[in-house]
Structures are given as structure tokens and as C-alpha cells.
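*Asks:* Listed here are the chains, written in short residue letters.
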Amino acid sequence: MTQSRLAIDVGGTFTDVFVFNEETGEVFVTKTSSTPSNPEQGILNGVEKAGLNGKDIKIFSHGTTVGTNALIERKLPKTALITTKGFRDVIEIRRGTKEDIWDTYKDTARPYIQRRDRFEVTERIDYEGNILQAIDEEEVRLLAKKLKRRGTESIAVCFLNAYVNGENEASVKKILKEELPDVYVCISSEVLPEIFEHERMSTTIINAVLGPIMSNYISKLSYEMQNKGYEEEILVLHSGGGVMTSSTVPRYAARLASSGIAAGAIASKHIAKLCGFDNAIGLDMGGTSTDISLMYKGDIRITKDWSIEYGYPIGFPSIEILTIGAGGGSLAWKDEGGSLRNGPQSAGAVPGPACYGRGGTEPTNSDANLVLGRLGVDLLDGMMQLNKDAANDAVKKIADAFDQSVEEAASAIIEVANANMSDAVRLISVRRGYDPRDFALVAFGGAGPLHGAYLAKDLNIPKVIIPTHPGVAAAMGCLLVDVRHDISKTYVKKLDEVNVEELTNQFSELREEARALLVEEGIAENSSSLTNFIDLRYKGQWRSLAVLVSDQITSLDAILEAFHQEHEREFAFSDQGQAVEIFGLRVTAIGTVPKPNFPQYAPEGSLEDAFKETRPVYFEGKYIETNVYHRDKIPVHTQFEGPAIIDQLDTTTVIPPGFTAEVDAYKNIIITVN
Amino acid sequence: MSTTKLEMNDKVQNLDPVTFEVLKNGFVNLVDQMAEQMLRTCYSFVIYNRDFSCALCDAQGNTVMQGTQDISVHVGTLHLTAKAVLEDFADDIHPGDVFLVNDPYRGGTHFSDVRVILPVFHDDKLIAMMQTNGHWADVGGSNPGSFDITAKEHYGEGLRIPPVRIYSKGQYLTDVVKIIVMNMRIPEERIGDLRSQVEAAKVGEKQLKEMIEKYGIHTVLTAFEEVQNYVERLMRAKIKALPKGQWETVDYIDMDPQLGDGLIPIRVKMTITDDEIAYDLSDSHPYISCFLNAGFGSALSGTYAGTKTFFPDIPLNSGFYRVVKIFLPENSVVNAPSPVAVSGYCSGAFEKIMNACFELWSSIMPERAIACSFNLEYLLIGGYDQRRDSSEYFMWYDWMAGGHGGRIDRDGANTTSPVFGVGLSVQPCEGQERLSPVVTTKHEIIIDSAGPGQYRGGCGVEKGGILTDVNQTVMSYCCDRSRSITWGIMGGLPSIAQGAILNPNKEGERFLGTIFSNIELKKGDTFTRPSAGGGGLGDPIARDVKAVLEDVIDEYVSIERAKLDYGVIIHEIDRDLDAFEIDMAATLKERDYIRKNRHRWLGIDPIEVEQMYNKGEINQMDVVRRYGVIMDYQTNKALPISTEQYREAMKKRSLAYWG
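If you're matching them up, the sequences are chains S and B in order.
Those letters in the first sequence? Residues 1 to 674, by our numbering.
Those letters in the second sequence? Residues 1001 to 1659, by our numbering.
In isolation and in its complexed conformation, chain S is listed as follows (with noise of 0.2 Å):
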């Protein structure tokens, strides 16, 4: 019997499958069409493709876009708000800000409950948890009872301050499971017990919302699962870059609000850290959108502003990624002031790029790749043929319009899409105080290893890593995390205000609660951990930064000067002078999950094997003859200098003049800029 891992990433469009043999090493990718309706179907298709039973397979990891669906079209259960009185908009009123400042015609999306399923109770919590005003239980059990009329599936309940103190919510909690036995109800001060009400509704409602879509799915896909011979655990893919369990899915759904973003900046991390690098940024570019990550001295940046709609944000701790709409269908259009510009609009899958032949006459990014010969005319292995002739035409348009040949304007539409792309990286890395040229680049998605190395150019990066499948990379990462919550609660007191014991005794109640978690997911002792952090911030700001804490706190300052020198990295300045104020705490619980070791290979056989063609590509204002590779028959520690042109299944890689490739032992490309 063999022993499989296996990955499945359910996208919008595809559902990718990855799968390792641990006993041969060997690894199997495929793709299947996704089936929105019915998302299990999907998944059910992609283990048949890949041959598997359920005994054959060791664990199976996943990553879906359910959640994300389901918020963005409304098709949620009917759930009702109970709030404190007089606070039942707060998740209407928002902040009242808007994504876009300008336009008066672009909307915040609508709140995920409507007034008329938002109810309040009388009750009243201080600031510092005294109870002003008690629960009357009479009249929550007159609500539950109208709420029981009114059909309702799921239940949120968010109190004032109830991050202090949250005993009242727990009552409501108590009558509303009497009342309401089968229904769903999630109380904040469970879900997120920190301060500021908006966010904190916003994330209690969306778990509310999420609670028995994500269970749903979740126990019919373990059922079929194990109508397939599967018996494990489930591990489902969470925002915040680690998996849980279906028993925790229930509690936690709201981080399933985007379980598979994550996936990508994963698989780039240990792709990056295969590769030797400590400092990565991913860039997984896409058909539409790109999105960004970042890897700093091993870990990747995460970070508690996120939502999946502006206005309704999602409070726990997320993987940072950048998204931009900068994709290989993006368009290239000239506008009123005579500019060049290059997205955010995208000719999408319909009509697709103009070379698609499927209607499509506006000048894309792939377009512009295939009339400078970058991409050839045969993909997926010539299962999907390009028409130049279309692409030279839709290029032609810009090139008119700029007084060009359709060769130059074809170099200008990528330039300025690398350009767009090098800015947000700039976002994500530059602004936030890091080097570029500290960082390996990992170039991933089905149009990354086209842009990758020109990329890298422009920031000054020396290295390029393309994965092996950059087109399932998600699918991978879904394999390669481990089981991974974060309990966290608000704390604001001076830090000199505070001694080790308190601190310690707070730390331990978080400590407790999280390893209470792993005991439930069935997590060994032996593979369990605990990371403490602690938020802090100068006395008057508003904003705070995470210090990595040991396990026993022996002395405060050793804090203090880690929030100094993190300070000092992110912003450029400290302020030795200024009280440091304590604004909350997490503890980060990690159960291990064995990772999939893959295998090194050695060399066999020699680059003229995988020769595949000569042609003409566009480099630097000439045509230059360039040689065309099979990915998969180039032997490992192969090098050999740009240009050229490497095709495999799922992506093309180009190595401009002026850069060096090199296959290490694991078949990743490394490009070189010289």
C-alpha cells in the first residue's frame, strides 16, 4: 500500500491537485475544472484523476474558496445581530470610510446582515468590565423566541466592551441554546475578545455567517471522503497560514473566509527556504490579479488589517499578501492624457486575451508576450493553440497610437505591467522598511516565470526561483503547513506598570487556552509548541508592534530594547526616551505536521536532450534566435546563460540576455541577474 499526501486547492476556475508519494519521492500534479455548486464534486474528480483510493491516502490538506464565494455573493444563511442597545448599526456605520475616496458612484459593499435581522438587548458593560446594566433574561428569551419565528439559522452576538468582561454575552449564549437548541451562535467574546467594536462585530459576524456554511461542507466532504476509504482528519487551510481541523471549523470559520489566498505565500516560503533563502518574496501571478507576499529571516509577514469586502474587517492575524490587478490578461490602453497604462481592467477568461481566439480584440499582457515570441504559439503542452496573427493586431493598437512598431509597443505594455508589479512589491517590501536586494524573488502562477526575471531586474534582486509546477503551487502549499492557532486578547498597561509574574500569569491563561486547542485537534504533545508575542507601542501612538517573547519572561527589559530595535528597523527611528505601552497579547499554538521531504535528484542525461526548438525572440529592441527547453528533461545542476526559453505544462519561464539559469537538485530554476 502506498502512503500519499495529498494537496487540493480549490480555486475559482480550477482545482489543482498535488499529490507526493512519500515511499518513492515522486511528486503528481494535475488540474480539473472547479464545480462552484457542488465544490466537493470537484475534489472528488481530482482524486479520481490522480488515481487514488482513500487508503492510499496519509493526510489530506485543503484549500477552498467556499468561504470567500459565499461572502461575496450573500448566499448565506439567514443569521440575525443581537447587540448592546443602541449599537445595532455599528456594523453598518463601519468606520464610514470608503475604499475609494473619490468616487462618489463606487460603493462599500453591504453589510453581511441587514437592519432587519439586527437586534438589541438591554445590557452594559464598562471599560473596565464592571457590568453597568445585567441581562434581562426575560426579554432575550422573547427575542429568541421571535427569532426562532423568523426561521433564523445562525446567531451573532456582540457586545459593548464584551472584550473586558464577556459574561453577558455568555448568558445570551446560555438562553439563546435553550431557546434555539439547532441553532449556530457565536459571541464575540469567544470569537476575538479584543477592543474596538467594528472589527470586532465584523469578524463575530462573519464567523457567524461562515459557522454552518464552512461545518456543512467540511463533514459532507469527510463523509464522501470516507466513502472513499479515507479515515483521517481533514486539514483545512486557514488565512492566517496553518491548518485545523473539522473540529475547530465550527469555532473559527471566519478565518476560512479565505482559505486558499494563503496557500501561495506558503508553498513560496518553503520553496525559497529549499532553495536556502531566509528572505523571499512570492509574486504569484495569475490570469487577472497578482498576488504578493513576503518572507523576512524566515517568516512571513502577517497582518490583522485584512477583509475579504473594504469595511468588514476579519480581526485575526492573516498572511500579508498584496493583491493587484496586474495579470497575464490584463489590458494595455492609452488614456485622455496621451499614458500608457496597463490594467487594472482584464479581458478575464471571456472573451480572454485576444491570442485566446475566443473574441477578444484588446491588447493583453499575454498578447504582447506572444508577439514578442516570449510565449509560444502551443500551450498546455498543445492541448491550447495561441493565435499571433490576433495578438499582433490588438498590440498594432497601441503601437499606432504611440507611433511605434507593434514590437516596440508590445515591450512597453510589459514594461509598464513589471513597472505596476515592481511598485506593489516596492508596497509590501520598501515601505515597510526592507531591502530588495536582501530577498530572493519566487515567481510563481501561470504568467510569474514570464515576468520573474525583469522583475528582479527593476528591484535590484539578485535571485529568481522558479518553482517546479509554478501553476499548482497553492495546491503545495496546502501540504506544508502545520496545525496552527492564535489566541489573543487586548491588554493596555505602561510596560513599567507591570512586573514578569503578572505578565507571565496572563501569558499562562492564553497558553492554556491554545493548548487546550491542539489537545482537541488530537495533536501529540511532542508536536506541540507555543509561541508568546507581545504587542507594544510608544505611550501616544495608535499603532503597535509584535516582540517575539521567550516562553519564560526572566526580564522586561530585554523587551524593551526588542521593541526599540524592531522600531528602529521598521520606521528608521526609536525613541529610547518615550514610555513603552503593553497594547495586547497572542499566543501562537503550532502542532506539527509531518512535511513531505522532497527528493534531490541527480543529473542525467545533458541540456541538448531537452532541446526542443529555436525561435526569434524579442530582447532589447532585436530579434534575437532563441533556444526553446522542455523543463522537465533539463538535468539538475545544469547553467546555462539567457536568453532562452524553458516550457513546461503549466508555464512558460523566460531568461533574458544578461541572466543565468541554473537547475538546482530539487529542479527549481534559479535565475541569476548579472
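Calculated directly from the structure, the hints in this document are not laboratory data.
A portion of the hints provided could be inaccurate.
[What the hints assert, rightly or not] What the simulated footprint calls covered on chain S by chain B, stretch by stretch (three residues with Cβ under 8 Å from a Cβ of chain B suffice, anywhere in the stretch; the number is not a length):
| id | segment |
| --- | --- |
| 1 | 92-103 |
| 2 | 116-130 |
| 3 | 192-199 |
| 4 | 213-221 |
[What the hints assert, rightly or not] Straight line, CA to CA, 30 Å or less: simulated DSSO-like cross-link-like pairs of lysine-lysine:
| id | chain 1 | residue 1 | chain 2 | residue 2 |
| --- | --- | --- | --- | --- |
| 5 | B | K1083 | B | K1325 |
| 6 | S | K106 | B | K1244 |
| 7 | S | K463 | S | K31 |
| 8 | S | K489 | B | K1442 |
| 9 | B | K1522 | S | K145 |
| 10 | B | K1442 | S | K145 |
[Unchecked claim] Which chain S residues face chain B? A few, computed with CB under 7 Å, are given here:
| id | residue |
| --- | --- |
| 11 | D89 |
| 12 | R426 |
| 13 | G540 |
| 14 | F619 |
Ideal placement from N, C-alpha and C gives every residue a C-beta, glycine not left out.
Once you've looked at the hints, dock chain B against the given chain S.
*Replies:* Frame of chain S; chain B shown alone:
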């Protein structure tokens, strides 16, 4: 007062398209990087909630680029303060210098907006200026938060900072900074803001130097010019495609407290010629005796921002200002000279200019039409916090979201930040309750607050609270539109009056109006105030009855006002199940009744309306929506002059469209 003399620039681009696009986006990125750093290191909560802007200016002080999230109110003023530094220091500007300025009589907005200006040199030649501008929580003066409505002159409002050097050739001038911050509340936090802004400007400088290293000084300087030319060209191209002609309108500030009854007109006349826009505010009122006046910088800003809203995709820089000419009369409410008080301009003249521009542009570009939006308001409570053993000074400084105007094909946005700056975020009550002895008792949407229309305005918000353990505590308010009530267009109706109420629904309830300061408060006092909904767009009795029903279910609109404002008769079957019924026959009848009588209602003697109100036969919404009457709700008397002015405007905006 007019903007930069216009020179038609037909020059073709001097940069290849790629370099140009790369540098243009690079400049935006550079400014956004400064903004991000400021946001993450600032001390003033006003800055933290995004009342700030940054800019890259060229060696002449022209704005090359503003940031993507910059607040509207600073648009078109950053180049003025950069130029003020150049004027005052001319050849005496050196590498390592940093300047500070907040002077509204030199193109600034109000004292609270403190700008750090860092000149950038290349080979000893001044090539650029980085500017970071943030609203400091306090800049001194007699009132906490530096809003004093009783001030007629600026001397009591806070510290006026003309262009002043705070770093000389890299040397931090401790004494200069001290004399500035020691005149403000909580000086250490002001130093923190200063530091944050200087460091943010340095981030921009560093990024610019990297661009110069990569592209060469000549290319970058050419791009400074080209990016401005580009915006100018883009704007001219857009204007060329517009109809030509002249449009005018008037919006009002509530009053001059010394003059009594009578709205204060701000008249905006706009002319579109071949490829330019000219604004003339000539017939606006002389400056008034309270701080709602605007200095010239903020008046220009309101006009630019009001225009820019209709061209949302155009980047902001001095190229834009070359195409928009503005004339502001001397000594007027839109161009108040020193030492006339202007610190409340944001609630006063500024938003009136913006909304007047919105109205003018709505008729030129109906596809982007928008009725009047609620008025920016700042409520300040300052005093001593007795909750702990130590008695500490506290400041509860609050602003609300509100309703935006109805639009051509949809309702206005509910509960959105003011047009003053849609990026300005409202504060969480939980944060406020930690910092001050004020407990918020409600923060909710107000039923029926939206101005009725075929597309109604967005809903307004009410926020109120109770004072707990306080001592020596006072309240001040910077607001407007208790009389010049948020109006509708194209047949739409007004929303509701703004203004704060002390001890609502209790003995001693007092309507305090929209501008007051130093009202003494004690433990147990309560207060509340609404933000208005947006004005409606289109005839309310043409509104889809189903939309009215949906609003009733969500309690955005009451059953009573569905009838009064929309002529829709709805019966409640079972509210618990959202079950209601529209009575179509009665609706047709009611709509017919409104249609036949509404012209007459707008002509009824205000005194008669006042009597109906005081007898309880009608409420405040009826007074303005149905009768177009303006009342003083402190005395419950009708205001005949204000009513006449308001009705005249309402006839043009509403009645004229009813057919």
C-alpha cells in the same frame, strides 16, 4: 485671488511612454510610502484616523503628486505652503533643513493642520520638497482641541506658525520646537507627531534619491514637469468634451451669530470655456463674526475638491490647478484675511463650496449627480477625569459619519464619512471609553433621517452619551446646517437639521445649536446629536413603492413618513416576520393629494407653520420638507429671512422639477 496664470502647454512628452508611466506611478508610490509611515507612527488620534496628507513638490513648490488616500480638504493647499517656505527663506534653504508651517493666511487650512516641509537637494541644488501634513490633536489656544467658536480673531484659537525652520543643516533646533510645542496641550505627543512627520518626509526623500540614482537627475526633473503637464492635458481633454456655458448656484452657512436671522450666502458661478473651468465666488457674503470663514487656501481647496469629485481618476497635482481658475473676493467668507478666525472653515465655508460645486456638476454630468451631503461636525468635551485617584485632563473629541446625497440611479450612501474627507474614519466607542469618562449610549442610524427623493439620501447617524466621573468639564461644537438644512436636487427634498441637544428627553433639555463653546457639564449630564441624512434626488412621489417598503422593513423609513414623504400607504401585518402590505389604491390617492398641494405648502406663512409646530401638529421634518420653513429650535420661532432664502433655493432645486 486667482490660481497660477495659465499657460497652454502643447509640448509633446519629453520622456518615452514607459519611463513616464514608471516615474508617474513611482511618485504616487513615494507619497503613499510617506503616508503609511505617518499613519503607523503618529501620536495624534486625528492623524491616526486619517486626517492627513502628503505631497511631493518640485523646487518651485508645485505639487508633483499627492497620495491616493489623501483627504479632500488638503487638496490644492500643499503647493501653497511649500511656496510660502520658498518665499520666506528664498536662498537661505540648505541641505538638512526642515520647516514647519500651519498658517491659514499663507495658504494653509487651519492651525491644527501642521505641515512639515523637507527640502531635497541634489549636487547642492534644491530639486524638490517633501511635505507631510497632519491634523494635530491640539495646537494651543483657549479651548482643548483648538476650536473656539467665540474667537473672532485667530489670537485665541491656537498657535499660528508661519514658515519656521526646525532643523538647520541637519541640526535639530530644540529651542524653536520647544517654543512651539510648549504652547500646546500635551507637548510630548506633539513632539511625537513632529518626529513622525519628519521621518515620513525622509522616507520620501530616500525614495526620490533612489529614483535619481536609477534614472538620472535630468529624467526625474523632466518627469516632475511632465507629470504636471500630463494631468493638465488630461483635464483639458476632458473639459473639451463637455458642454460650454455658465452655471451658478448658492449654498448657505446657517448664520452670522451677530447678525441673527439670515443665511450667509456662498455664491458659486462656474464657466466652462473651450478647455478650462473658471469659478467666480464674487457675490459671496463678507466674512462673518465666527470661525466658519475660510481662508483663501481652504476656499481654493473646496473648489478643487468639488471639481475633482467629478473626475475621480485624475491624479492630483499642480497640473490640475492650471486648468481650474478661481476668483475669491477679498474680505469675504470665502477669503478671510488675518486676523479673522477661520479654524471652523471645515464645517463652514469649505463644505458649502464643495456641495455647491457638486450641484453645478450634477447638471453637467447627470450620470455622476449627487445631492447635498450631511455637514462635517466636531464635538469636543474636555475636562478632568476623576475615575482614578489621579485627576487627569481628558479630551473627548468626536466626529460622525452621516448620509450622502441621493444619486441619479440609486440612493445616497448611508453612514459615510463627510465629503470633507471620505478617508476620515470615525472612532471606536470602546477606545474612547478607555480614554475618557464619557459613556456612549447610542451610535445608531436615525430613522427617517434621509432626505426623501426618487432616490433618497443616505441615512444619518445619532451618537450621544452620558458623562460619568468628570470635573471642570466643558463642551464645544463645530458644526453647521441647523438652518441651511442638507438639501435635495432634481425634485428631491431636504433631510434633517443638525445640532446638539443637552439632556435630551429630560428636564432641562436644551437645543444647543451647531456652534457653541464652553458649555459647562457635570456628572450625569447627557447629550446627543444627529448627523443629517443626505438630500434626496428626484421626486419622492415617483419613488418605487417597493423600495419604500424595503426601507420600512429595515426601519430606515417609518410607516408614518412613508405616507408623508413618499405618499406610500403601508399596513403592518406582522413586523416580527417582516410582513407588511402596500395599499396601492390609498397610495395613488395620497400621492395625488401631495401632488396637488405641495406647491401651496411651500407658500404658507412661516408664522402659521411655526404655530402648527408648537401645537405639535407637525414635526421638524414636516417644517422643512413640506413647508420649506427654517426655525430656530432654541426659541421655536420661525426665521422669516432664512425661510425666504431657503424657499427660494428649494423652489429651484425641488419644486421646479415637480411639473
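*Asks:* Hints numbered earlier in the text: which of these fail when held up against the supplied structure?
*Replies:* 4, 9 and 14
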